[in-house]
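Peer 1: So the chains spell out like this:
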Amino acid sequence: MTRPRLSSGRLRAMFLTPAAALLAALFGIPMVILLAYTFLTRGAYGGVTAPWTFENWQRLADPLYAGILWKSFAVAAAATLFCAGIGFPLALFIARSERHRSLYLHLVILPFWTSFLVRTYAWMFLLRDTGLVNSVLLKLGLIAQPLPLLYNYGAVLLGLVYTYLPFMVLPVYATLERMDRSLLEAAADLGARPLQVLWRIVLPLSKPGLRAGSILVFIPCLGAYLIPDLLGGGKTILVGTLVQNQFTTARDWPFGSALSMALMGVVLLLMLPLARKDGAAGGDLL
Amino acid sequence: MTSSGASVSLAASPMRTSRWLSTYAVLVYLFLHLPLAILMIFSLNGSRFTVWEGFSLRWYAEAFGDQELLESTLNSLIVAVTATAIATAVGTLCAYALWKRASRWMAAGLALSLVTPEIVMGISLLAFFQWIFGHFDFRLGMHTVVLAHVMFSVVYVVTVVLARLRTMDPLLEEAAMDLGATDWQAFRRVTLPLLAPGIGAAALLAFTISFDDYVITSLVAGVDSQTLPMVLYAMARRGANPVVNAISTLIVALIGTLILAAERLRER
Chain A
1 MTRPRLSSGR
11 LRAMFLTPAA
21 ALLAALFGIP
31 MVILLAYTFL
41 TRGAYGGVTA
51 PWTFENWQRL
61 ADPLYAGILW
71 KSFAVAAAAT
81 LFCAGIGFPL
91 ALFIARSERH
101 RSLYLHLVIL
111 PFWTSFLVRT
121 YAWMFLLRDT
131 GLVNSVLLKL
141 GLIAQPLPLL
151 YNYGAVLLGL
161 VYTYLPFMVL
171 PVYATLERMD
181 RSLLEAAADL
191 GARPLQVLWR
201 IVLPLSKPGL
211 RAGSILVFIP
221 CLGAYLIPDL
231 LGGGKTILVG
241 TLVQNQFTTA
251 RDWPFGSALS
261 MALMGVVLLL
271 MLPLARKDGA
281 AGGDLL
Chain B
287 MTSSGASVSL
297 AASPMRTSRW
307 LSTYAVLVYL
317 FLHLPLAILM
327 IFSLNGSRFT
337 VWEGFSLRWY
347 AEAFGDQELL
357 ESTLNSLIVA
367 VTATAIATAV
377 GTLCAYALWK
387 RASRWMAAGL
397 ALSLVTPEIV
407 MGISLLAFFQ
417 WIFGHFDFRL
427 GMHTVVLAHV
437 MFSVVYVVTV
447 VLARLRTMDP
457 LLEEAAMDLG
467 ATDWQAFRRV
477 TLPLLAPGIG
487 AAALLAFTIS
497 FDDYVITSLV
507 AGVDSQTLPM
517 VLYAMARRGA
527 NPVVNAISTL
537 IVALIGTLIL
547 AAERLRER
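Going line by line, the protein sequences match chains A and B.
1 is the number of the first residue of the first sequence in this note's numbering; add one for each residue after it.
287 is the number of the first residue of the second sequence in this note's numbering; add one for each residue after it.
Incorrect hints may have been included.
[Stated by the list, open to error] Where chain B lies over chain A, by a calculated footprint (3+ residues, C-beta under 8 Å):
{"id": "1", "stretch": "17 to 27"}
{"id": "2", "stretch": "58 to 68"}
{"id": "3", "stretch": "121 to 130"}
{"id": "4", "stretch": "148 to 154"}
{"id": "5", "stretch": "253 to 264"}
Hints in this document: simulated from the structure, not taken from any laboratory.
Where a beta carbon is used, it is the ideal one built from N, C-alpha and C, also for glycine.
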């Protein structure tokens, strides 16, 4: 009885090793390097050099950069609010549907797995000056000049909501589905109207789902790079773009590292409530 | 339309869908699916401009005649196949180990890799590779892209395979071992065959994630390792170009097929 258990432990350790090595080498060490870079000085041609300094962290408080960080927060928060507002009723719809529930769920999940780049490009196709929306409006004679729909914060927000809506719908749906329905019947028996039931019973009980969904939406929105880059163009600078700039055009790796680590700090803080609940957050999505 | 009696019964059986909610759901589903559908339809448009001029496959013909597109597609396929093979093997073993006994460190590390913003993961890998280059003769290229892709797709493999393992009866392995199988034999001959659909689904998902990635790839790719998303990105940035619509449609068709196949495997 004990012999197989023991050897099974050895097999388990062997099986865990490749993944642990991979995670340590390609995730742990790179993060430690980045953290170390935040305390170094920029090199003349990119890279880093001595001396050690706190200057990169101090620069985060510079109004220019603090403003960008603040704007990134605001955009991510707005996207989260929109996702909650749009996603909650949809989750309610799915939870209430009796037939085709699996189809409705799949219709939410499928876009998430479909090409991220192509889905973002689809909005460029619709919104640019010569895009479909402007073409149709011009042809109908409703406008004389193309509307500036692309390359602004509105377009970025639209792209974020479009992309991350599934992250809100799925956890909210999960809590709604688990909800004890007799509570709703009891409320109705006691004279509550449907909207009162929704507002006083269903909504408070779906808080865990809304909280999880909000974290799952806010985190990727805060660090988003591709969507602000493509839909915001050069006119919108959010923290993701700023990080990328520091490592490419600006060649200020230490400051780019400090920005990245600040971002990681926020992500970690936000993850804590989820991590306490179950080990692999985001498991709802997979 | 709703007498007070009807509204009470709606609350009493709140699982019934109201018409308003259904209409609303249709609108949200249109928001989620219409942009891609329109893009795919317009990939078949004969005109260079966003005005429908009749059915044509000219943009597809142009896409298939473009040497840069073909080369980058080949690169993407090589990277995705290699990264998927490695990530699937590593991730499956890891999922099996975690199924035997949970590991807080491993779970935390994997979850963290999942929520790390792509741009941060990309530059951390770039900084890491550059740091290594200082010590060894090693350059950015296909191998760095493959390493990065293995890194970010392994968590998806672990999650999918682990979900599959959790539906399985652990007593099966014990039964095999009671009958004299070693733990390796129990894994190889009992669990692994039962796990095959889950592993297949995980591999398909890893492939689509790898094939589609732009942000991390663009940071760790060398001059000889342009992938399809990198070329597509450059074309999209340059301005309206119907060839991008055609390639996009092909990518969605490929990825959509793989995802549906993965779903079928997962439900088996």
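Peer 1: Are there three or more residues in the stretch 121 to 130 of chain A whose C-beta lies closer than 8 Å to some C-beta of chain B?
Peer 2: holds (count 8)
Peer 1: How does the coverage statement for the stretch 58 to 68 of chain A fare against chain B, requiring three or more residues with Cβ below 8 Å from a Cβ of that chain?
Peer 2: violated (count 0)
Peer 1: Mind checking, does the stretch 17 to 27 of chain A have 3 or more residues with a CB under 8 Å from chain B?
Peer 2: holds (count 7)
Peer 1: How does the stretch 148 to 154 of chain A fare against chain B when you require at least three residues with a CB closer than 8 Å, holds or violated?
Peer 2: Violated, because only 0 residues of the stretch 148 to 154 of chain A bring their Cβ atoms closer than 8 Å to Cβ atoms of chain B.
Peer 1: Count residues of the stretch 253 to 264 of chain A with a Cβ under 8 Å from any Cβ of chain B, then say if the count reaches three.
Peer 2: Our answer is that it holds, as 6 residues pass the Cβ test (under 8 Å) against chain B, meeting three.
Checked against the numbered hints above, the structure breaks hints 2 and 4 and satisfies the rest.
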